[in-house]
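Whenever a hint applies, use it, and build me the whole structure from the sequences.
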Amino acid sequence: MTGTRRSQFGAPASLFWRVFLVNAVLVTAAVVLLAITLLTVSNPATARQLSLLAAGPVVLLVANGLLLRVSLRPLHRLTSLMQRIDLLQPGDRLQVAGARELNVVLSAFNEMLGRLEAERRMSSSRSVGQQEEERRRIANELHEQVGQGLTALLLELKSALAEAPQSVRPGLIRAQGIARSNLDEVRRIARQLRPTVLDDLGLSYALLSLADVAEAQADLVVVRRVDTAAPRVSTAAELAMYRIAQEALTNAAGKPHRRQRPQLATGQPHGASC
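Going from the sequence shown to the numbering used here is simple: count from 1 and add 498.
It is worth saying that the hints were derived from the structure and are not from the lab.
Think of the CB as a built atom: it goes at the ideal place given N, C-alpha and C, for glycine as much as any other residue.
Hints may contain errors.
[Claimed, not checked] Pairwise CB distance ranges (calculated): (1) Ala616 with Leu551: 54 to 62 Å; (2) Met580 with Leu551: 24 to 32 Å; (3) Ser621 with Ser732: 14 to 22 Å; (4) Arg613 with Arg571: 20 to 28 Å; (5) Ser622 with Leu559: 47 to 55 Å; (6) Arg571 with Leu550: 29 to 37 Å; (7) Ser707 with Ser732: 53 to 61 Å; (8) Pro729 with Arg672: 46 to 54 Å; (9) Pro729 with Phe514: 19 to 27 Å.
Spelled out as structure tokens, the structure:
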């Protein structure tokens, strides 16, 4: 029973009682001040009496406004946070302090922000997973259907070239070159969509392969500090770090005005860096 009373007395006062007490204190102070000063008003009132009568309500209103401003300050913090809230930069929370009703509102708002941020993270994770699954499907189709079809075409051209007369051989050789170039392009696109080395050997070897491809296709010198013995992390984390490195190398390759020396590193305290 004692604990219940203490919790009730220790709880923040409601907003109604805070406003009521503010006005009660001001009215009491005004009555006490009048009793002490024994202010009287003559008929007609003098200029000093009129100034005192006018100053009294002004002082009461100013004091009332200041005290109410302090009591309602949590509401101003709430509206300010609601105006600047950005789910792309999570973590903003309001300090729960003030009247009982305001505490309930602030706590509910903080909980709502937490739920929204968690839902956004889950939604983003689902979206990335769906995109990667679609990339995997397209890469497999390119490799198994288009790639194998071009490989079969190259074999047919090679067989035809062995039996063709001299007059048509140049055309067959050009066709072979076109088919081989298209096959290389299909393989390159499939690797960009979903690198099989990442699934088979992990992030370290995938980054080494990515660096080799970047150097072969662009005027880049990639500095490698890759620890192939580093323990593997989750598939989602490896994929995210691989995409970051891939985007960084793509950006570096898009700046031909000066020779780039990007760096790839794994085994760092926070995973990988680029």
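Return holds or violated for the Cβ distance of Ser707 and Ser732 against the range 53 to 61 Å. Distance hint for Ser707, Ser732 is violated at roughly 20 Å.
Evaluate the given range 19 to 27 Å for the C-beta pair formed by Pro729 and Phe514. violated (60 Å)
Take the C-beta atom of Ser622 and the C-beta atom of Leu559, compute their distance, and say whether it sits inside 47 to 55 Å. The hinted range 47 to 55 Å holds for Ser622 and Leu559, with Cβ atoms some 51 Å apart.
Determine whether the Cβ-Cβ distance between Arg613 and Arg571 falls within the hinted range of 20 to 28 Å. holds (26 Å)
Can you let me know if the beta-carbon spacing of Ala616 and Leu551 is within 54 to 62 Å? holds (60 Å)
Should the hint that Pro729 and Arg672 are 46 to 54 Å apart at their CB atoms be regarded as holding? holds (50 Å)
Is it true that the C-beta distance of Met580 to Leu551 lies inside 24 to 32 Å, as the hint says? Check failed, 43 Å falls outside 24 to 32 Å.
Is it true that the C-beta distance of Arg571 to Leu550 lies inside 29 to 37 Å, as the hint says? Since the Cβ atoms of Arg571 and Leu550 sit about 32 Å apart, the hinted range of 29 to 37 Å holds.
With 14 to 22 Å as the target window, see if Ser621 and Ser732 comply at their CB atoms. Check passed, 19 Å falls within 14 to 22 Å.
Of the hints listed earlier, those the structure fails to meet are numbers 2, 7 and 9, in rising order.
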